[in-house]
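Q: With the sequences and hints as input, model every part of the structure.
Those sequence lines, one after another, are chains E and U. Each residue of the first sequence is one higher than the one before, counting from 1 in my numbering. Each residue of the second sequence is one higher than the one before, counting from 1 in my numbering.
Rather than coming from a laboratory, the hints here were simulated on the basis of the structure. There may be inaccurate statements among the hints.
List of simulated lysine to aspartate or glutamate pairs, DMTMM-like, C-alpha gap at most 20 angstroms [to be verified]:
no.	chain 1	residue 1	chain 2	residue 2
1	E	Lys-93	U	Glu-245
2	E	Lys-269	U	Glu-245
3	E	Lys-299	E	Asp-234
4	E	Lys-34	U	Glu-245
5	U	Lys-272	E	Asp-177
6	E	Lys-249	E	Glu-204
7	U	Lys-219	U	Asp-237
8	E	Lys-34	U	Glu-131
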Amino acid sequence: MELAQKLAILADAAKYDASCASSGANRRDSRDGKGVGSAGGSGICHSYAPDGRCISLLKILLTNRCIYDCHYCINRRSSNVRRAGFTADEAVKLTLDFYKRNYIEGLFLSSGIVRSADYTMEQVIQVARTLREQHDFRGYIHLKTIPEASPELIEQAARYADRISINLELPTQASLDRLAPEKNLARTQQAMGRIKLKLDEAHERRKGGDRKLRHATGQSTQVIVGADDSTDADFLTGSDVLYGTYKMKRVYYSAFSPIPEPSVVLPVKAAPLVREHRLYQADWLMRKYGFRPSEILPKETPNLDLRIDPKLAWALRNRHEFPLDVQTATRGQLIRVPGLGPRNVDRLITIRRHTRVRLEDLARLRVSLPKVRPFLIAADHHPARHLLDSDRLIERFLPKPEQLELFGDENR
Amino acid sequence: MRTVDPGDGFETWRTVARSLLQEAVPPGEVIWEGNALPCLFEEPAEYRVKAKRLAVPAGFMDLAEDVACHRDPDRWALLYRLLWRVTRGGERALIEISSDPEVAKAMRMAKNVRREIHKMHAFVRFRKTGEDGDGRERFVAWFEPDHFIVAAGTPFFVKRFANMDWSIFTPKGCAHWIAGVLKFSPGCAANPCDDPDAMEEIWRVYYRSIFNPARLKVKMMQTEMPKRYWKNLPEADLIGSLVAESRGRVDGMLAETPREVRPVLKNAYLEKLRKLE
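A: Here it is, written out as structure tokens:
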């Protein structure tokens, strides 16, 4: 099979993995080396596909042959998809060829499970080892690892990679039993825990002065949304544990959407992508704004409101916290005002040391006035209490009916 | 009223601004007008010899270096007004007041410049033109930036592609890294080396295959990859057909008869897995 044909199959096979980050690696470049590459800054998206997703890494499977039978996956053994496999050298050459032309930040390598977890892991590691050791490649490498692979192999992968990941895919063992019968939640969590310890260890060694240590700096994972009946609260409390206990850099949410080769066990349907979007917003609130999952989703509402963003939804449920005076409120309070982000809050805190903040100041910081108006007091603005108490306040924020379409499948 | 030439970039503007300031010439008395193309031959920041700094807050200098690369001809006057207010005007903390109309404008310009540098790092596409006797590869690229960012955007490429030779040609100045030496040259009106690279076809295969037709979000793509960059991206002319075909492809998936589950293969590893549970 020609290289282009293999690439078409093995990129198609990899595209259901949402992770695209290429940031957070240990800082390095190629000025003191023989090869090519640099990493360690913020990631770069070298292109965007019409699905709105960033293309930053060459994201491929080493092979899409697989002995597992995960029903959401196009590569499961019951699928009739065309099969292919790269040799290690082909994957290495493709990475370098793309990298030198500035198409990519590096390689994201995953694989179908062939023969066994260890055998598959060794094949994946071989590609990364060749890139690093033979070609002195200093770009970004993300390796997908397999929970059942031996801890030694996973640690080897971490030595060559900047990020490693194991996908959780589904949040409960019951869902895994039904949709991914070879996968096991406890084993996955165990492997994540071991990886976390190794990452901590490497971090300590670098802090202790071992600048030469080559090691991944983080792990991430992915969950599929809409393939089982898990609620948004299930996902967010799960993510809270993943961030807290396993120190995940990122949890990716992937809306289950139609695939070719659908399974009889999991019929395809066009999922609302807006649910995925709201989960990312809520996830962001947990990571960057210090919201607890229970604040975002109280017990009586286990799912996110698809019409408005979760921060606004929180504010509407907690109107007694508002209005806040932009001149005197704390950072922690201001950051919870709908329409204010951490950056603008920091700016406002600096500005108010020198001057009384007015609405026009907010406008010049590109803050959306219609959004903040009900919640903020400024030098020239006192919102009417009845507005904040009104049952119709939410209507000010609802998208116009025709705009709702934009969140879903634009094309239909 | 006096007409002053800002020179070809931040450093020359700074020298002129400093002497105007010493003479106490208020901003309203100065017309900034010059013929030189800005930022062309300026050395990138890290190689620059530090001149005696004006006694101004560091925040102003950082902001001014970015704003100086903006294409707006009014940037020199804006910078001088800010400089005047910070020094002679007694507004020492001015740069911290990011909601001041002039500070906000300068910050917006600086943001545009930084974004354009980022897009240069993202969207420059190298084409291989050959190798020298020792196997050192040679690449060229054509890029059309909105602002005068070639000098500021180049150190990234030097670090990443230190062991290749390359030239980045743009209408606003060109950068060349040959045998470990960085040189800048004046801009060119058109791409001087327009031969496609065979790898572009493979890259297009990748672009086509990594796209998921079941989650079309064209607006999102265009926000991050505005159309003005498309003409120099080898993958961009696929966008139209990928978007047009997506609906049919998804309908095809939805119409598929679901595949039956195949029996478990005889595999020692899978048997071991089952026993683990």
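Q: Hint by hint, which ones does the structure fall short of?
A: 1 and 4
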